[in-house]
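Q: With these hints in hand, go ahead and build the complete structure from the sequences.
If you read the sequences in order, they're chains X and E.
Residue numbers are given in full-length UniProt numbering: position 123 of the first sequence equals residue 123, and the series is strictly consecutive.
Residue numbers are given in full-length UniProt numbering: position 35 of the second sequence equals residue 35, and the series is strictly consecutive.
Zero decoy hints are in this set.
Cut-off 25 Å, straight-line C-alpha distance, at most; resulting in silico cross-link-like pairs (DMTMM-like, lysine to aspartate or glutamate):
1. E:70 with X:93
2. E:119 with X:87
3. X:70 with E:93
4. E:119 with X:41
5. X:119 with E:41
6. E:23 with X:41
7. X:119 with E:87
8. X:23 with E:41
9. X:119 with E:38
10. E:23 with X:110
11. X:70 with X:110
12. E:119 with X:93
13. X:119 with E:36
14. X:119 with X:36
15. X:119 with E:93
16. E:119 with X:38
17. E:70 with X:95
18. X:23 with E:27
19. E:70 with X:27
20. X:23 with E:110
21. X:119 with E:55
22. X:119 with E:86
23. X:70 with X:55
24. E:119 with X:86
25. E:23 with X:95
26. X:119 with X:135
27. E:119 with X:95
28. E:23 with X:123
29. X:23 with E:123
30. X:70 with E:95
31. X:119 with E:20
32. X:23 with E:95
33. E:119 with X:36
34. E:119 with X:20
For each label pair, taking beta carbons as the anchor points, the in silico distance ranges come out as:
35. E:25 with X:77: 20 to 30 Å
36. X:95 with E:26: 11 to 21 Å
37. E:86 with X:51: 31 to 41 Å
38. X:138 with E:66: 40 to 50 Å
39. X:50 with E:105: 30 to 40 Å
The set of hints was computed from the structure by calculation and includes no laboratory data.
Glycine residues also receive a C-beta, built at the ideal position from the N, C-alpha and C atoms.
There are 2 protein chains.
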Amino acid sequence: MTAPESESEAQTGPDPAFLDLLKWTADGLIPAIVQDAEGGEVLMMAWMDRPAVVDTLRTGQTHFYSRSRKLSWHKGGTSGHVQHVEEIRVDCDGDVLLIRARQVGGACHEGYRSCFFRKVEADGRLGATGAPVFDPRAVYGAGS
Amino acid sequence: MTAPESESEAQTGPDPAFLDLLKWTADGLIPAIVQDAEGGEVLMMAWMDRPAVVDTLRTGQTHFYSRSRKLSWHKGGTSGHVQHVEEIRVDCDGDVLLIRARQVGGACHEGYRSCFFRKVEADGRLGATGAPVFDPRAVYGAGS
Chain X
1 MTAPESESEA QTGPDPAFLD LLKWTADGLI PAIVQDAEGG EVLMMAWMDR
51 PAVVDTLRTG QTHFYSRSRK LSWHKGGTSG HVQHVEEIRV DCDGDVLLIR
101 ARQVGGACHE GYRSCFFRKV EADGRLGATG APVFDPRAVY GAGS
Chain E
1 MTAPESESEA QTGPDPAFLD LLKWTADGLI PAIVQDAEGG EVLMMAWMDR
51 PAVVDTLRTG QTHFYSRSRK LSWHKGGTSG HVQHVEEIRV DCDGDVLLIR
101 ARQVGGACHE GYRSCFFRKV EADGRLGATG APVFDPRAVY GAGS
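A: Printed below as a string of structure tokens:
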């Protein structure tokens, strides 16, 4: 697998002056929605801590904070399915980020382009929409 | 101002069998992203408790839970700027909802179509994008 870091040029992000305007949770986190910059599809929502926002600005690729693993991670660092950031927006209350990005491969660890691949059907159950864009077993290993 | 409830016919939502599959926070909440069903613009993110999800299904219009006011509220109940739900999606982890809806007026209490009307500029500051679609003082009163 190709390490995506080696393909992308080092980027210097903007000075993160806006960070001090954000409202973080008591745990120092902020939710970040990622939207496909091209098709407009909402791909995922995850949490960022301050270092993850700074790393996202610095590298031009999304970084998040895993609440279960209690560490920052580079989206696509294992799979190669990185997100190239086009624009970062902040909501009116300053407590949610919207990141418009170009998604390589799929955002979802289950192989789908978007994590929101299930819809509520008329009978109140969940049904899958669309088809996976990659095989998660091939990307993450058979244990996934 | 016209009460939006009186305009919409009573709707019977699907049986919310999927509710038991959702992962709620310790406070019994789940984040809900609202996306414009027509243009694809991400309009807002807010929190729902279980009654808010049920009311959203039952009425076909979004309801949320205000963490500051500690109560459920009908989006657009004051302003008339309701959101007519077209589809509800659930993410792979079952801990985020994506609601595709037809927005009447604007989603943002500051008068913009989307709450994400500010973008991070190259200098690290926030700049407004676009223009308001309504005057919040006229809709919510001069104190807003």
